[in-house]
Structure formats: C-alpha cells, structure tokens
Amino acid sequence: QLDLWKPLQPEDIRAGEDLHIRVPAPLVQEVKDSLDQHMMSYRVLIPDVQKLVDQSMPRERSSYRQVSGGYVYTEYHPMEEIYQWMTQIQKNNSELVTQHILGKTFENRTMYYLQIGQPSNKPKKIIWMDCGIHAREWISPAFCQWFVKEILQNYKSDPKIHRFLQNLDLYVLPVLNIDGYIYSWEEDRLWRKNRSPYENGTCYGTDLNRNFNSSWGSVGVSFNCSSDVFCGSGPESEPETRAVAQFIKSKKSDILCYLTIHSYGQLILTPYGSTTEPPSNNEELMQVAKEAAAALTGKHGTSYRVGSTALILYSNSGSSRDWVHMIGIPLSYTFELRDTGAHGFILPANQIQPTCEETM
Amino acid sequence: LQQDRTVHCTAEVLHHLGSKSTAPDVQVAVQGELRSTEEADQEFYTRIRSLEKELVAENIPDSHGNVPPELEPIHLLAWAASGYVTWHNSTENTNFHLAQVKHVRQVKRPDEDLQFDYVLLLHEMVSQEVMPWEVTVLWHPRSGVRVPRDRCQPCHALG
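Chains as they are written, first to last, in full-length UniProt numbering: chain A, 1 to 360; chain B, 1 to 159.
One should not assume that every hint holds.
Claimed, not checked - If the Cβ cut is set under 10 Å, some of the chain A residues that face chain B in the computed set are:
#1 ASP48
#2 LYS51
#3 ASP54
#4 GLN99
#5 TYR264
None of these hints come from the bench; they were simulated from the model. Note that beta-carbon positions come from the ideal geometry of N, C-alpha and C, so glycine has one too.
Construct the entire structure; sequences and hints are all you get.
Structure below.
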C-alpha cells in the first residue's frame, strides 16, 4: 500500500501527470529500482519526512514529571515552565536549594533566584550569576538551568563541587528580564529590552544592561525609547534593575564574584565598557578570565576572546557588570555565549548541550 | 557548508575614508577547492520552477533555530543576499549579521531566473538594532546570485 500524497485517491492517477508518494524508509531502494526498471523518471522531493515533521512541529509540552528526571535541558523553555522548574528543583534538592523572591518586574511578575549551597551557621561567601537580562538571548537562561542541574547532579560525586557548595553559596537568577523573555516567545523573537512603557505608551522597553548606575547615560546608549539601547529615564529607573541592585548592595561584602550571561559573541568581558581605563585589579581579572577561556576551549574547541568591553566590543555605560565592580566586588564578568553570528540570537537547540558543557 | 574539508578564505577590505556612499573594496582569495554544487543547484532550480503555487515562507529559522530541509537553499540565498547588503552598508563602526529571514515570497518570472522577495532581519552589533531589510534576489544555477533591489524599512540607527 503506497501512501499517496498527490493525488489522494488511486482512481485520480492520470498518465502524464505528477504522482507524489511517501515511501517508508526500508522500501526506498526497492521502489527506486522498480521505477528504474519500468523506465519511470522520478525525483526525491523530501528525503526524510520524519525529520521534517520533528523539526516543524512544536513538541508536546504537557508531560513534565519529576525534575531532573523529566525536564529536558536541551530545549528552550517558556517562562511558565521555568517557574515550575525552579519549584521542582527546590523540592527535589531541599537540603541544598532554597528559592527566594528578588523583586517584581514591570508587568508585576515575580523574580526568583535560587540559593544553592550547604546550609551553615556562619555567613558564607557568595557567587552570583544572572541570565536573561536581554530577552532574545535564549541560550542564556538555558545555561543557567543547565548549570543548576549539573551542580546538583554532581554534588555528591564530584569532590570539587562538593567543596564548592560547602564553602560558598551560589545565587542563580535564571531569568532577569522575565517580561521581555515572555515577549520574545509570544510576540517578537528578537526583542531585547524590558517592557516598561514610555512616551504615553507609544514606545516600550529599556535596555536593562544600560540602566545601572555606572556612568549611566554617558556612552553607547540612546535617550530615545525606540532604540534598542535606550538607557531608561534615569539610573535604576526600571524595577528589574532596582531589584538586582538592591540585593547586590545588601550582600556586597559577601559577594566574591559576579557573572552575567549573555549571547552572542563568544567573549569573556571584563570591566569597563564606559572607559578604556583599566580597573584597579585588571591583572587578576584578566588572568582568571584567560584561564576560564582556555578551559572552555579545551572542551569542544570553541574559541572565546577575553578583554574589556570598551577595548574588544564597543563602548557602553550603565552595564550591570561595571556597576558591580564599581561598588567594590572584585571579580565581575560578562559572558557572551555562542555563537559568532552564523545563528546569532537564534541558536539552534541542538547547540544547547555543547554550549553549556563547555561553559561549565 | 564544506563539512568534510577546510577551505581558507582571506579578504582584504578597504574602507573609503570620507565617502559614506561607496561600499568598501573587497578582494577575496580562496585557498582550497569548493565542492561542486551543480547537482544540488539543478535540483533546487527544477523543484522551484515546477511549483504550482509561488513559494511563501516566514521565520527562517524558527524561534528554536530550526530550518526545514527544503527551505535550506532559501536560507542560504538569504545569507548570500545579506552579505551583499552588509557589504554596501558597513563602516568601520558597524558589525552586521543576518538574524532571521522574516518573510520570503517567490515571484514567478517569464525569463530563466528565480526571483525571491525577502524581508531579512539584520542585527547590527554596536547599536544592537535589528533592522528589517527588503531585498529582491535573483538566482540561476549558471549566473549565481544578484541583488537588484534592497532597502531598509525602517532604517533607524544607520549612521
């Protein structure tokens, strides 16, 4: 029985007209041979129907059982699922993980971060990592989720990770710009900013990474709301920025290292963006970054460049990384993950795993 | 694209100082052999020519980075066209990449060429803007890619 695609009924087959059939994979050669034998010319229109179906249909999103047993880390997830994932992660790893409220977004959504580490009576030093400050950089929240999974999965078996979580607390904010992220799923895949309205609701969005109080408004920004680098009406004008800034200020003396994850570019960026003047601890910053880049390349051969934003990328002011360093946190880095432009922001999901593996 | 071999390409790009309207001079040297695409070209050409209805597609790749295999040549043509647009609109202060094909529509022609009218989304790194660009692309296996018409629509953030 052949699967007729054109025409649909055998009785509509006409000599001299096109016939389209779907051939099951094991029969392809046999069918080709038979057509050749009967001197009938043919052309393969679709070499692999299954592949096409898999690629073009949205996956079933209903089945989502236990984490990490059920959660698929090699796919991009909408915000609803990320919220559920955080709850599950805490539930399944309650001896190490607690979920906390950081603040609210403009559209009144709750921003949560995960605190990961062995509980202790003494205050512990902190490493902070935030993802998804720019909505369209989907690989960034995907990395935060992967990172949490890796750390928790290997806590018992990997002595380095074990010691790490004994001595330090990891604070992970999987999606900083929640409103923007949701907007990039529902309306505009290439949206960057948050969703606060300006100019009487005729224009939306501040670039949160131009909104921090680090030489705010001085360079690499626009004061026009329609720009993708609009820095807002003033430093920390946006609720998302304030939520992060307030928290970091309150824990300032305990934070050793600040990481903010972006894409794309394959870069490890050090302060500053607003000036080419190197920060006071530039040597240390560069050395650590170079070692990180080398370790990263060792995994899959992906090369990352290292340096200050102002020198290797472009000038910008108001970035979270610069602000964090300016208030006294010594190690502050921006990671720009894969790739270098071939896919840009729309990195295929099949690159989530290698990207995350090398960045670990 | 050359999955089984490495080909080295070098390019010398000369920007004309003071003249914004001239595209930079580009000299390209290719070391190694590019594999022949004659068969694939012919297959694509014949397939498109024999379509009853003009091809229309959007969002290539989709939000998750997927491109259906039969649209891969359309994607590649868009890449070539975006290279042309980038060449004519770059300065030493811009860095363009094709972010996505927003829309493409085939236009049937009485002559031998295939014509595709694209809306390409170009991402400019320094301004971080994503610019829609209307681009008309002509292609034929023997004559290659030509871009007779292109315009940004709208064009904010271009110097």
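Taking the hints in turn, this is what the structure says about them:
1. ASP48: The hint holds - ASP48 (chain A) has a Cβ within 10 Å of chain B, the shortest such distance being about 7 Å.
2. LYS51: Constraint on LYS51 (chain A) satisfied, holds at 7 Å.
3. ASP54: It holds, given that the least Cβ distance between ASP54 (chain A) and chain B is near 9 Å, below 10 Å.
4. GLN99: violated, 27 Å
5. TYR264: holds, 8 Å
The structure shown violates just one earlier hint, number 4.
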